[in-house]
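Sequence order for the protein chains is Z and U. Position 8 (the first sequence) corresponds to 8 in our numbering; numbering is contiguous. Position 147 (the second sequence) corresponds to 147 in our numbering; numbering is contiguous.
Quick caveat, the hints were computed from the structure, so don't treat them as lab data. One or more hints might be untrue.
Once the Cα atoms are required to be at most 30 Å apart in a straight line, the calculated DSSO-like pairs of lysine-lysine come out as [claimed, not checked]:
(1) Z/K192 x U/K140
(2) U/K252 x U/K16
(3) U/K23 x Z/K192
(4) Z/K19 x U/K140
(5) Z/K286 x U/K140
(6) Z/K192 x U/K87
(7) Z/K192 x U/K252
(8) Z/K192 x U/K19
(9) Z/K192 x U/K95
(10) Z/K286 x Z/K23
(11) U/K143 x Z/K19
(12) U/K143 x Z/K286
(13) U/K100 x Z/K192
(14) U/K140 x U/K16
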Amino acid sequence: MPKMTGHAKNQGGFTAVMKQMSKNKAAMLGLLILSAEIILAILAPYIIPYDYSFMDMANMFAKPSASHLFGCDDMGRDIFSRVLFGARYSISIGIIAVAIGSVIGCTIGAIAGYFGGQVDNLIMRFLDIIQAIPGMLLMIVISAVLGPGYFNTIVALSIGSISGMARMLRAQMLKERENEYIEAAQSINCSKFRIITSHLLPNCISPMIVSATMGVAQTITMAAGLSFIGLGVQPPIPEWGAMLSAARQFIRQAPHLVYFPGLAIAVTVLALNLLGDGLRDALDPKLKN
Amino acid sequence: MHQKEINTDMPFLSIKDLKVEYKSDGQIVHAVNDVSLQLERGKTLGLVGETGAGKTTIAKSILRILPDVGSHIANGEIYLEGENLLKLSETDMRKIRGNKVSMIFQDPMTALNPVLRVGDQIAEVVSLHSDSNNRAEHEKRAKEMLEIVGIPAERYYAYPHQFSGGMKQRVVIAIALACNPDLLLADEPTTALDVTIQAQVLDLIAELRNKYNTAMLLITHDMGVVAQVCDTVAVIYAGRIIEYGTKQQIFKHPSHPYTIGLFGAIPDMNEDEEWLHPIDGLPPDPTNLPQGCSFAPRCKFATDACWKEPISMNKTQDGHDCRCCRIEAVMKGED
């Protein structure tokens, strides 16, 4: 019998996953970028050189320089300060909205997928109704009803992502619950709750993680869309998407207005995707070596 | 627990007139029909039959883990130590599942959860049936079980895919035995394994059974396995027990034409036979069982009487029952 080497120790779930992921350089890079962004966002008020809403008309459309690292926008506001401060809104909206959407979606999907039959039918038809409305339109309707603002935007965005998540988890559950180990779990007297949470969910989680990390990226751009039509986070709060859509009319004269918020979104999305991929691999015991 | 109707005269496990039906596409599938059997502590009963004969359904009925949707126990009683399992509340049933009665599953490849460590899967059953919340204690017990089934305790932290089929089946056995069950339901425990591992696993089960005086219901379609492990044998055909007796009785004097056919189908190694001797035909459609003997359509001895009404159990020898109305004639034909 081959001797187990090194990492086959008894580790708690979190340490084991972290250890596994630390072998994946891309995932660590993603984690590094994301944590740096989050730290910068938290410390933003102390780092930013100018107030994010301070208008300096003399510096309208100023090119990047030593005093204005990323230049200034159409109202002479310092883009570096705005991007840094905007991270607070963009990242938190993306992550919180997806987290809420995933938790609710997974709960619904797990119930539908495990119990099947009439319960499943009822839930799925309800989700059909929601999904019949185009995603963007649904969010516009919800934010129009709730009104603009930070929390309302999060609510609108998370409701929009519920049905997709629920559907995906349900499909996974339907596939997994046919396996004999579920029967085996019943035979040793696991409760339904335990079967769902500790036997089925861990087997269904991989595609959910990938879709959630991609979802964060999508949600950030969706939030931008809402800001664009005046429903999301309101100016002068520097949300990245809002900055991007405001800058697009000056793209010819002053492209740096678009570059920096765009770059911020791109880097965040990239970091999240790297992290998501790594997390999925680390959670799959078959990929351990 | 209160008001238990405990009858101490009863055998350890006693199933009476069990009838299980599945509903599928508006049709009723008669999976198990009027099955009665008894099992004493420390003994092994072999349930032999073709695929789809209802063997697994009987085992799942005992544990009450038939699928919620589409199946129901239409009739019958299952007594474990004189207590009717089918009348127990779900709460009381929980104390039995995995603890007093446990099950070994057919396919070790899918019977273990791929994302949990094997040791944790053993510890899970221990913790579900233990009063204490001491994880270290459960882990210790799980490691003990691993050693008992012949796997080094340091493999506790391995995942199922790192094990071979035989080792996985050992883990499945360890899970089944972790709480020292009084009754073990082994559902084709060796079917998915190759012959050398099969022998090891059977030896292991037999050894553990003797050590803990566990009663075992062994489900199989392999007469060789029956010969090796069982004390008594019940041959099942289309959800009915058609022959019941001790291993010696069944192997030396098979009485029902179906049992005779089963033995006839085993190729004889001493003769250079070119053709196998199958039983002609297929098992009857369980949604539409024949009115009379369910084996009549395939039976070469069938007469008009066989088609008319259900055949009752005939006792031929001491404890050797057979469900065939032409039993004497068949026996003579044998000689």
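Here's how the hints hold up against the structure:
In summary, the hint linking Z/K192 to U/K140 is supported, as the alpha carbons are separated by about 26 Å, within the 30 Å threshold. With a C-alpha separation of about 27 Å, the suggested pair U/K252 and U/K16 falls inside the 30 Å cut-off, and the hint holds. Proximity of U/K23 to Z/K192 is assessed by CA-CA distance (about 23 Å); at most 30 Å being required, the pair is judged to hold. For the given pair, Z/K19 sits about 25 Å from U/K140 by alpha-carbon distance, which is consistent with the 30 Å threshold.
Of the supplied pair hints, the one linking Z/K286 and U/K140 holds, its CA atoms being roughly 25 Å apart against a limit of 30 Å. For the proposed pair Z/K192 and U/K87, the alpha carbon gap of about 21 Å is at most 30 Å, so the pair holds. Proximity of Z/K192 to U/K252 is assessed by CA-CA distance (about 47 Å); at most 30 Å being required, the pair is judged violated. At roughly 26 Å between alpha-carbon atoms, Z/K192 and U/K19 fall within 30 Å of each other, so this suggested pair holds.
A C-alpha spacing of about 15 Å is found between Z/K192 and U/K95, which places the hinted pair at or below 30 Å, so the restraint holds. Our distance criterion of 30 Å between C-alpha atoms is met by Z/K286 and Z/K23, whose separation comes to about 15 Å. Proposed proximity of U/K143 and Z/K19 is supported: the alpha carbons are some 24 Å apart, at most 30 Å. A hinted pair counts as satisfied when its Cα atoms are at most 30 Å apart, and U/K143 with Z/K286 qualifies at roughly 22 Å.
The suggested pairing of U/K100 with Z/K192 holds, with an alpha-carbon distance near 20 Å, which does not exceed 30 Å. A C-alpha spacing of about 40 Å is found between U/K140 and U/K16, which places the hinted pair above 30 Å, so the restraint is violated.
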